[in-house]
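*Asks:* Here are the chains, one letter per residue:
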Amino acid sequence: EDQVTQSPEALRLQEGESSSLNCSYTVSGLRGLFWYRQDPGKGPEFLFTLYSAGEEKEKERLKATLTKKESFLHITAPKPEDSATYLCAVTGTASKLTFGTGTRLQVTL
Amino acid sequence: ETGVTQTPRHLVMGMTNKKSLKCEQHLGHNAMYWYKQSAKKPLELMFVYNFKEQTENNSVPSRFSPECPNSSHLFLHLHTLQPEDSALYLCASSQDLVSTFGSGTRLTVV
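Here the protein sequences line up with chains A and B, keeping their order.
Heads up: the first sequence is residues 1221 to 1329, going by my numbering.
Heads up: the second sequence is residues 6 to 115, going by my numbering.
Hints listed in this document are in silico derivations from the structure and should not be mistaken for laboratory results.
Predicted model, so just to flag it, every value in this text is computed and none were measured.
Just so you know, nobody snuck in bad clues.
Here are a few chain A residues that sit away from chain B, every Cβ distance over 10 Å (derived from the structure): (1) E1221; (2) S1227; (3) L1233; (4) E1237; (5) S1240; (6) R1281; (7) K1283; (8) T1287; (9) K1288; (10) T1296; (11) A1297; (12) T1313; (13) T1328; (14) L1329.
Quick list of in silico lysine-lysine cross-link-like pairs, BS3-like style, CA-CA up to 27 Å: (15) A:K1283 with B:K45; (16) A:K1316 with B:K57; (17) A:K1299 with A:K1277; (18) A:K1283 with B:K46; (19) B:K27 with A:K1262; (20) B:K24 with B:K41; (21) B:K23 with A:K1262; (22) B:K27 with B:K45.
For each residue, glycine too, the CB sits at the ideal point set by N, CA and C.
Please model the entire structure based on the sequences and the hints provided.
*Replies:* Quick look at the structure:
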């Protein structure tokens, strides 16, 4: 059975204080690892797909990396508008998304 | 309208009521999904439809009944729910691996 574990559960950063979120996974036949952002009262919003170990993707202050066992979402010089819950998910040979419980990020001034 | 639209945004229902959640996607995707999101739990996949055919039912109780009349519309019919069914119900659609989610229906069962 595919599994995703995210840490930390919650993270509080000051504006400009860089950090990383972790996503550890086990999956049969990885087809893709996904990062989503979810704001309160809204559905998840797609950020990145990573397909194989060593791959990296960037978008503004966010950078996602992938190894054979985990993925990191690096946040560089975050701003208050980056506050959200960040969800990690994988899909494998079963072709269905398995999500982690997310990391709640709060960025303060 | 673009994307995935869900209605209603909020719903309060008694345990003996019957209600339906609606989802519409304007992306031309072939697959549609229902997920349940409860506090401190991962998103739980409930149902999957590919080209209007149900391809997965993740051991969901029969008080939840999905309907997919065409590839753009998805319904979730609810009846005799329990308080533990209170959650955010999310609809999603996909063409390849990436899913696009709606904003969800916040359901409260009283």
